[in-house]
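J.: All chains, full assembly: derive it from the sequences and hints.
Chains A and B, in that order, give the protein sequences.
Take 1 as the starting number for the first sequence in this note's numbering and just add one per residue.
Take 1 as the starting number for the second sequence in this note's numbering and just add one per residue.
For the record, the hints were derived by calculation from the structure and aren't laboratory data.
Bear in mind that the values here come from a model prediction, so they are computed numbers and not experimental data.
Misleading hints may appear alongside valid ones.
[Unchecked claim] Going by beta-carbon spacing under 7 Å, a handful of chain B positions derived as facing chain A:
(1) P137
(2) N265
(3) L275
(4) N278
Note that CB positions come from ideal geometry on N, CA and C, so glycine has one too.
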Amino acid sequence: MNKSIILHIIGWILTFEAAFMILPSIVALIYQEQSGYAFLITAGLCLLIGLPLIIKKPKSKLFFAKEGFLSVALGWIVLSIFGSLPFYISREIPSYIDALFEIVSGFTTTGSSILGDVEALSYSMLFWRSFSHWIGGMGVLVFILAILPLAGGENIYFMRAESPGYSVEKLVPRIRSSSKMLYSIYIGMTLLMIILLLLGKTPLFDALTLSFGTAGTGGFAIKNTGLADYTYYQQSVITIFMFLFGVNFNFYYLLLFGKFKSAFKMEEVRWYFIVFSLAVILISINTGNVKGLFSAIHHSAFQVSSIMTTTGYATLDFNRWPTFSKTILVLLMFIGACGGSTGGGIKVSRIIILFKSIGKELSYLLHRRSIKVLKFEGKKIVHETMRSINIFFVTYLFIFAGSLLIVSLDNFDFTSTFTAIAATLNNIGPGLEIVGPMGNFGDFSNLSKFVMIFNMLAGRLEIFPILLLLSPRTWKK
Amino acid sequence: MKILIVGCGKVGAALTEQLDREGHDIIIIDNKANAINQITDNLDVLGIVGNGASYHVLSEAGINNADLLIAVTNSDELNLLCCLFAKRASNCHTIARVRNPQYNQEINFIREEMGLSMTINPELEAAMEMARIIRVPSAIKIDTFANGRVELLKFQIPDTSVLVDMQIMDIIRQFKCKVLVCAVERGDHVFIPSGNFILKANDKISFIAEPKAATEFFNRIGIQSNQIKDVLLIGGGTITIYLTNKLLSLGINVKIIEQNLDRCNELSELFPEALIINANASDRYILSEEGIEETDAFASLTNLDEENILLSLYAHKVSKAKIFTKITRHTYDNIIEDMPLGTIVNPKLITADRIIQHVRAMGNTKGSNVETLYKIVGDKVEALEFRARKNSSVIGIPLEKLNLKQNLLVCCINRNGKVIIPNGQDTIQIGDTVIIVTTCTGLNDLSDILR
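T.: Shown next, in the form of structure tokens:
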């Protein structure tokens, strides 16, 4: 294994993290907050460790799948450890594990919080929380790749490990250009959203943090009431953008280059839209008689959009919804957004392929010698893809079951325990009952929080990079 | 005309033989010396051993003053390259055989860009013919004229049919259908029947009719034309691909049995709606499992003639399906004649037919033109479609007054989209297309029908 290149890459991650922390420091300066020094200390610490790692050139430039997965997994862990320091140093979140939980929840775009009173945090901390969503949404390494000619950066393993979905499709031949393209679309859409929110007379700070949370499909709110206090216009803008950020970014790439026909032909985007519409209709009917049809559609569209894209904002306490509607939301948690978006979950593409493979199995049982090639997006699904999707699904279930078992030691009710795991593993944010939209994760034991930190990272990095990190086989020579 | 033929395989040989008989000067090029020797020993043609895509070889063959180059080697790319060079060297007409389904999708582009006069795809033609018959399952063979407005259908008279022992002139009177029987095969003989010809059981008759009239005719003589809904294809070759494509678009269920796993995967990728079975079709158990007894149509399209024959015989034994058998070799013609093999599919023969039809149309600069040509009974009977031009000697004279050749029948006159099944009083007018069925092969002009 080429350890020197992994350390080199981690050095860059730390340096970038230091750079990211300039923004909350500026916020602290504007609002004259004491907490600004926490960011400066942490940034200095990042540079102290990061710069020597960068300056020391890697001995060899050999870079394989192993190095790719490990750099991503370790990179995210290091990012989280240092990212949590400002909370801890400033004593705004006194327990270190809580601070870690909070920032992992941020970077993995989960949005689950241990804080009961969000409004108690200083502005710079709120900003850092939301900004971590934005960084984590598209991926920190993809960001570095877009900017730097990083050693080993021409390697597809990076993107493969960090981009959501079962496969990575490069938009253009070069990875760097692909990363640039992705981030350009990402930044463009975020700016558009900020402008639209400002037009709706949203305060700048709210517009920024809401947009960061939406773009990364994260879901940290800056108010205790979630998004309930915002106007219909603001909520609608957020609904639309949550939906848009859950779409496979290839779709926008195709649109940008005028390939409308192939863009609207994308199977995954179509199904994403169908599932979304279906869920909105069913929930509207189910909850309709409470406050009239328009309000029902508005809130169900917001909630479906929020849960399906794994954002996790809430305009109301859906804990009070009928069981049917809540069940739909829980199912949507597992489906998740499109691959190649900033959302989490199992991903629409995997679900479609799993469904298709059921058809194949039925046909195989009827005609033992029949051959059926499954197609997705008009292309053949090769055996390796099929296998990795099946294994992903099985691993996902095992991790889910294992986490469920450990967290149930805390002896909360089953719905809370179950949805807490679903919300963290799928990077959603809120679950039901005590972890519902108006609740928080603060009451869980440290062990449970640790398990959920693991779940959030595993969910964001599509499980395998984190599993590889833990496997003894990886570390053997 | 001076014609260069590149490629001396089955199609090349058949073309050489036919075109030589029609009096063209043939130069045949192939890189296999024996193939060339075999041809030049038997026929009065010039053979050149060499690579047909080499400019040197082409000029040696006299490309500079050739009228036509036909490229029928077994490689599409080579055929196209030959045609490209020939076109650049002398601006002659070029015909290429292109069979790759992928090229077929862009065939118009290729034809235009390379200035080809014609491209021929044997497997596609064969598949289209099969698809036509599957739509009208009572027929053994269907050819179309006048852009599909007129069809030439062939079928075998069953033992119990009302047609048995009936005079041909009574058919129209009794069934009130506008059909014209134009050829009858009985054993080894082929008749171009006159009105008092008496039909027998097991005769294969070919008749001309409009598509609607044909269906009506089958209904009135009591042959049920059951709609075909399920088709079982054996072998996943190129014909299968074209055929499946066509059948699926008609809403027919297709099941394909193919031995090669990779090929199965390709087929499944191409046709998600079709059921692809990876198995050896010579296993009776598998055929039963996949429903050979219940299928409406069965086509054996493997690469082995012998296997196809046996499979079709077995299918005939266990099911009532409409049967198709692909046969590529001439050698079996006499042996298989009496076997219940259904429709014989021979892509090579179809290729040769189409090319000859084109050559005839090309070679004809006088009053009329061959528009379409089909061989109905092997090489013995031809059905031709001519266009009547100004100075033809047959214009305006009632058919009964024309001194027609023996064994020749004017079957159909097409006037401005109207189809006339003619009797003695009808005349041929300028601009008509006329369908002639005859045993005298080699007609080039409408006036050739006169004695």
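J.: Does each hint fit the structure? Answer for all of them.
T.: Results for each hint:
1. A least Cβ separation of about 25 Å between B/P137 and chain A goes past the 7 Å threshold, and the interface hint is therefore violated.
2. Interface hint status for B/N265: upheld, as the beta-carbon distance to the closest one in chain A is roughly 5 Å, under 7 Å.
3. For the restraint placing B/L275 at the interface with chain A, the shortest Cβ-Cβ distance is roughly 6 Å, inside the 7 Å limit, so the hint holds.
4. For B/N278, the shortest C-beta to C-beta distance to chain A is roughly 5 Å, which falls under 7 Å, so the interface hint holds.
When each numbered hint is compared with the structure, a violation occurs for hint 1 only.
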